[in-house]
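K.L.:
Sequence:
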Amino acid sequence: MGLTMPDAFLLSAPAAKSQLYLRSNELLQTWGSKLRQLQVTDATRTTEYGGILCPTYNIVHGRVGDTILPFFHLAHKNNDSSYIDAAMLLYRWMEKTVSQEDGSWLNEPVKNSWKGTTIFTIIALTEALRNYSALMEPAFRNELTNRLKKAGEFVYTTFNIDYGNINYPISASYGLYLLGDTLDVRKFKTKGTELAHQAMKFITPKDKLLFGEGDPYYEPSKKGCFSVDLGYNVEESLPALTAYGLLTKDEEVLQKVTASLQAHMEFMLPDGGWDNSWGTRNYKWTYWGSRTSDGCQPAYALLADRDPRFYKVALLNTQLWKQCTKDGLLYGGPHYISHQVPPSVHHTFVHIKALVAIADLDLTDKADSSAVQLPREKVYDTRFFSDIQTYLVSKGKYRATVTAYDREYKKTKSGHATGGALTMLWHEKAGILLCASMNDYQLFEAGNMQPDNDPLSMPLTPRLELMIDGIAYRNINDLNAQMRVAHDHQKTIIETKSRLVDKDQNNPPQEEVRCSVNYIFSDNVVNIHFSYDGESYSDQVRTVVPLISPSTDILSATNQKITLQKESAKVYLSSSVKMIQLPTTGGRIFNFVPGLEAIPVQLEGNDIEVEIEIN
1 MGLTMPDAFL LSAPAAKSQL YLRSNELLQT WGSKLRQLQV TDATRTTEYG GILCPTYNIV
61 HGRVGDTILP FFHLAHKNND SSYIDAAMLL YRWMEKTVSQ EDGSWLNEPV KNSWKGTTIF
121 TIIALTEALR NYSALMEPAF RNELTNRLKK AGEFVYTTFN IDYGNINYPI SASYGLYLLG
181 DTLDVRKFKT KGTELAHQAM KFITPKDKLL FGEGDPYYEP SKKGCFSVDL GYNVEESLPA
241 LTAYGLLTKD EEVLQKVTAS LQAHMEFMLP DGGWDNSWGT RNYKWTYWGS RTSDGCQPAY
301 ALLADRDPRF YKVALLNTQL WKQCTKDGLL YGGPHYISHQ VPPSVHHTFV HIKALVAIAD
361 LDLTDKADSS AVQLPREKVY DTRFFSDIQT YLVSKGKYRA TVTAYDREYK KTKSGHATGG
421 ALTMLWHEKA GILLCASMND YQLFEAGNMQ PDNDPLSMPL TPRLELMIDG IAYRNINDLN
481 AQMRVAHDHQ KTIIETKSRL VDKDQNNPPQ EEVRCSVNYI FSDNVVNIHF SYDGESYSDQ
541 VRTVVPLISP STDILSATNQ KITLQKESAK VYLSSSVKMI QLPTTGGRIF NFVPGLEAIP
601 VQLEGNDIEV EIEIN
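For what it's worth, the numbering used here labels the leading residue of the sequence shown as 1, then goes sequentially.
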């Protein structure tokens, strides 16, 4: 999302460039150059001509027209007219391929594709028109103006606060106001303001988390939870509300958005990763964010004057993007490269817009990242978020997440982990140790997700599991699971009670199997105790603990202990029973959610103790 920046933030030549400024502009140049290289300039390829080709899947994604904004930005920044030519050619492809008579643009160049993403294209093209009109030929400027007005009429007529998931009406609050302000259309601005203020009702009163990513839209779950997705919130909805608030100087919105950004900030790990291990739409989770949204930077960087920690959030996340970039493209997770998984170009062309939004900011005088700590950099024992039934643990150098969140995404089943699952275990020296994926990897949005063709792939979440006639009964499926926290001397214990159930919450055929999984955190060691009852299946239930590990780690193992030598730490995973390494393709399993490799370990028996220690 490229945002119109308030005058106070625009700097033509910063005297002392901040790290955020430097990293953002470096990535912007790298990604922009690669996207231009991938543009199809062979006119004989009539279907793809002008589009940006995904090198992995040899297709042009429908939303790629949003790249027009960064192309115009780079033309201005670099005084390079070739980017103007690229933008013009891309616009012609978009109008020929995904433009519709009703004013919308299709999300994919497929008949009857989703039209809601029109709002994101409106924002990108209006930003280009607003900020770089001097680079446009008069005829094109007039054409673009008329086309945007037609698109605005589509959104004005079609969108309301109940349209799609909450990210759409919230994005329309900014998009319509921006378009109305640019083209002087009062009704667009009026509806944008209405949507922004209606959206304030979608911030939970307890934890200040934005909800509405799924339905039932207004009704809470049995445990009082609403549909919350961290990725869409921090990368799309909250940045849009930030942009609206700054453009309109709406202090009511800005204050509520600031409080919500602070609440969401609790889930950023100290390496810049977003812990969306529990979110309703975590099928798009990529560890650094979400696959098809824009990025957290426009919200956190633009409001850094209200909370100096916000600058650090933007900086750390941008640095993580850099670490996940290779050959000019953003890869969808930390271990894509080590597992030799090719990227989708979609990640790059949407997230580059966030870099445009902050490319001219220098926040050095507003925040010193070394002088502030993010919430999860501090040791605080536990914090409980009742609106999503999730504990965050901060003990010694360990950071963990345990969830019994019971709101699934719409009618989907076996999506994010629940049941009192340990969905994140992170260490200051070793990084990610344990991590959730989807319970079953499913292409909920096939056009926006990468297929998994590995027959040996499996969920990453530590779990108890029973397989009967191809049906998986898991504790991490149980929406009715309960959790409680306890303390024993210097240890923090999260006790969970659950059942082995299938994706439809059914028990195994012969009897109910109750599970007890306890997580014991001390400053130096984490212990997990797995147990269950249900004698009918005593020889069939297995405990699975996939240990997160890129292929670059050096592995050694005995019957009851695995040792990983990492660059800056040695990881020990030991068990009270024999451990069996399950088969893999190429030494590791890989999961696209959130883009990690792991060593799958199976433990047989009951009353099993697992210990993790770092040296």
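No lab work stands behind these hints, which were simulated from the structure alone.
Glycine included, every Cβ here is placed at the ideal spot set by N, Cα and C.
Careful, some of the hints might be misleading.
To be verified - List time: in silico DSS-like cross-link candidates among lysine-lysine, alpha-carbon distance up to 30 Å:
#1 Lys115 to Lys34
#2 Lys111 to Lys77
#3 Lys201 to Lys222
#4 Lys566 to Lys397
Said to hold, decoys possible - Label-pair restraints from in silico Cβ distances:
#5 Lys378 to His529: 26 to 32 Å
#6 Asp85 to Gln581: 50 to 56 Å
#7 Asn146 to Lys397: 30 to 36 Å
#8 Gln37 to Val110: 23 to 29 Å
#9 Glu512 to Ser370: 52 to 58 Å
#10 Val485 to Gln255: 44 to 50 Å
#11 Leu555 to Gln255: 47 to 53 Å
#12 Asn453 to Thr46: 29 to 35 Å
#13 Arg383 to Glu611: 21 to 27 Å
K.L.:
Decide, hint by hint, whether the structure agrees.
P.N.:
Against the structure, the hints come out as follows:
1. Lys115 to Lys34: 27 Å, holds
2. Lys111 to Lys77: 37 Å, violated
3. Lys201 to Lys222: Distance ~20 Å between Lys201 and Lys222 Cα, so the pair holds.
4. Lys566 to Lys397: 16 Å, holds
5. Lys378 to His529: 26 to 32 Å: 27 Å, holds
6. Asp85 to Gln581: 50 to 56 Å: 54 Å, holds
7. Asn146 to Lys397: 30 to 36 Å: Violated - the Cβ-Cβ distance for Asn146 and Lys397, about 58 Å, lies outside 30 to 36 Å.
8. Gln37 to Val110: 23 to 29 Å: Holds, at about 26 Å.
9. Glu512 to Ser370: 52 to 58 Å: Given about 53 Å between the Cβ atoms, the range holds.
10. Val485 to Gln255: 44 to 50 Å: 32 Å, violated
11. Leu555 to Gln255: 47 to 53 Å: At roughly 50 Å between Cβ atoms, Gln255 and Leu555 fall inside 47 to 53 Å, so the hint holds.
12. Asn453 to Thr46: 29 to 35 Å: 30 Å, holds
13. Arg383 to Glu611: 21 to 27 Å: The hinted range 21 to 27 Å holds for Arg383 and Glu611, with Cβ atoms some 25 Å apart.
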